Every structure is written in structure tokens, then in C-alpha cells.
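Chemist: Each chain, letter by letter, is given below.
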Amino acid sequence: MSFINYSTREINLKLVYYGPGLGGKTTNLIYIYNKVTANNKGKMISLATESERTLFFDFLPLDLGEIKGYKTRFHLYTVPGQVFYNASRKLILRGVDGLIFVADSQIQLREANIDSFKNMKENLIEQGYRLPEIPYVIQYNKRDLSNILTIEQLDQDLNPGGIKTFEAVALSGIGVFDTLKCISKMVLNKLMG
Amino acid sequence: MSLVLYEKEFKEINECLNNLLLGAKAKSIFLVDKSGQLITNIGDTVSFDSIALASLTAGNFAATSALAQLMGQNEFSLLFHQGEKENIHISVVESRIILVVIFDDRTSLGLIRLRVKTAISVLSEIFKRLFVKVKKEKELIKSMSKKEESHPKPEMQTPSKPLEALSEKQDSTKDNSQGTQTEPEIQESNNKTSEQSDRFGEDFQQKAANKIDNLFMD
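These protein sequences, in sequence, are chains A and B. All residue numbers for the first sequence refer to our numbering, where the first residue is 1 and numbers rise by one. All residue numbers for the second sequence refer to our numbering, where the first residue is 1 and numbers rise by one.
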């Protein structure tokens, strides 16, 4: 949910990284955190288990600086990907302005991608949203691995509507900022109507 | 639904929180939206990372609300975390806003609870009014867009025209019976719409896109 304060001239927007477990959502955030200059980022919070699996969420505030006198910020969240954390996933979707679905390109994770995407749509409906009404992009992650689905197969499973997709290797940063740039602009465009 | 704050309500909110800070002898107070956006904070805000506190509070509150629902409760309207030196008192305003009061041993939980209760009733009134105002403004903008679609503007029309029409429309929808919106406030509301259409135009989008391109780089 966007937050506009005319008095302090602030705009805050919430982006959520969604997708199956171990798909690379947190890796996206870590890469962004490491690359963005200190002035433009806040503290990154990871509520993770001892084995570094996301337990509740990761959070990274990014400061775009002033645009026409308005301090503009993006708040980046990830959801826990593991199936049994569905209650937490629903909570993170509250007030979302834009979504990045991070799919795992590995062949053996085809079903997990489909299930997670379906789960995202269901959880959005529970929060009172419908996917077509929210800006979203899909990132096909782990494109550097050998045993992966083709883009056509991934599109067929996750992107019948032909929305914007990005090939990525989040670990080395390939496609991470392209994805973020695209969704950030989509969200701002929607806000400006 | 977006949360929009105007100058008038923002001042009223801060005034209410200041009274609470002094009356309850609290250390600091944060007002947070349920989605994790920090609305405002007062008191000692330097000791904390405000943005992180807002996000974690919303997460905490959301998780506790989900627990309440599991138990067949609508929501736990109040949370209290006791620390060695500092404590956090969390309560909800108008089902959408979270009031976080941080206090130490200079005061007591009883006093905090008493003052928070009073503050919540004041804040509720402000937010109720704000939500109505935002809704009205959105409806006006929507009806204006529909009007423009059915009667497209001539190419050389000045940008002020739709705003004048908006003022007329808004005056006609003014509800005096509620007694909550005075004439100057309506005017302020119109001005904000004017500012919004000016600031959030293509120029804003272009500047934002440039910032995004410059900041989000490998």
C-alpha cells in the first residue's frame, strides 16, 4: 500500500519478492543491499531460522532520494518460500504495491513454481487483491545451471498472459537490478495513474 | 488502498502524540501503518532505526493478529513487551494504524495504558475524518476522469480548467451536516488535488525513472 504524506513530502512503496523456497528471493535482496550505496539504503533485516532459511520475512528499505521535493522510498520484502509458512506469506502481502515472482529454473522445481504462483494468487485474493490489478514481473532465476527448463516452458507454466520476465542469476547479480528497475517503474507509473 | 496524509491531519496527529508523550512520560512514540509504513515518530527517535522498527512492529502485530484469529478472536488490540530497561506498548487505532509507545522506569504501565486510551480516541477521530476526506477526493478525481473521457478537453485548454471544475464539484458535495469539514479545509483539499496533478505528472515519472536507473546499477 502506497503511503503519501503531503506534510512531510514522503512517498513510500512496498515491493514483495514471492516464489518457491530456495528460489533466490533473499539472494536478490542481499545482492541489492551489497550494491546500493550506503546513503540510499537502510538496515537489512532478515528473520531467518538457524539454517538461514527465511522464517518470517527479509526487509530492505531503499531510498530513491528526493523527486520533485518528495522523499521517495521502496520497502523491499521477501516472503518465506517453504510451503508450511503460508500464514506468514499472507501477512507480508498486506499492503503490497508491486510483486516480483522469483521462479527457480531447475527442471525438478517445475511443480514448486506452479504451486507457489497459484498460492500467490490465492493469498492475494484473501488480502482483497487480484493479480492483474497489481504491477508484477517474473524473474526466471538460476539460468546458469545446466538442468533447467526452457524459457518457453517457464512461460507456459507461469506467464500465459505474457507479462514482463527477466532471466537472472541472482547469486552473481545478473538480472537482479533489471527486475527491480522494471517493477519500480511499473509501481510508480501506477501510483501516478 | 493508499494511505494519504495532509498537513492539517498530520499536525493534529503529532499534537496528540506530543500530549501522549508528555502525559505518559514515555520515551518515544511511533505511529505505523499495518503494512509497515512509518507514519510519524516523536520523542527519542535517534536511539532506534525507525524504519526497521516500523516494519518489525507491523510484522509482530500481523503475526499476533493471525494468532488471535486462530483462537477465534478478531484481534488482540493490545500488545506489551517487557524488557530489562525499556518496554514496548502496542495498540491499534481504527483497525488500520498501530500506535507504539516505548517507555522505561520513569513511568508505569498503568499510566501508559490510561494515556494511550485517551490518545486512541483522539486519533480515531482524526483518522476517521482523514479516511472520509481521502475517499471523497478519490471519488472526485474518478468522476472528473469520467467526465473528461466523455467530454475530451480541447487541445489548448489550460491545466487549471479541470481543477476549477473540481472545486465546483467538491463544493457541491460538501456535507455540512457532519460538521467536520469547514470551508478552508475544502479549499485545502482542492489545493492538494491541484498539487497532486501538477507534481505527479509525467515530469515526476520521468525524474523517478532517471533516479531508478542511476541508483539500481551493478
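In short, the hints are calculated from the structure, not lab data. Nothing here was measured: the structure is a model prediction, and the numbers come from that model. Be a bit skeptical, because a hint or two may be false.
Claimed, not checked - Covered by chain B, according to a simulated footprint, are these stretches of chain A (three or more residues, beta-carbon under 8 angstroms): (1) 52-61; (2) 84-91; (3) 103-110; (4) 116-123; (5) 134-147; (6) 155-166.
Claimed, not checked - Under the rule of at most 25 angstroms between Cα atoms (straight-line distance), these lysine to any residue pairs were calculated in the SDA-like manner: (7) A:K41 / B:K138; (8) B:K135 / A:K41; (9) A:K35 / B:Q205; (10) B:K138 / A:R94; (11) B:K34 / A:E122; (12) B:K34 / B:A68.
Just so it is clear, CB atoms sit at the ideal spot from N, CA and C, and this is done for glycine as well.
Chemist: Which hint numbers does the structure go against, in order from smallest to largest?
Modeler: Violated hints: 3, 4, 5, 6, 7 and 8; rest satisfied.
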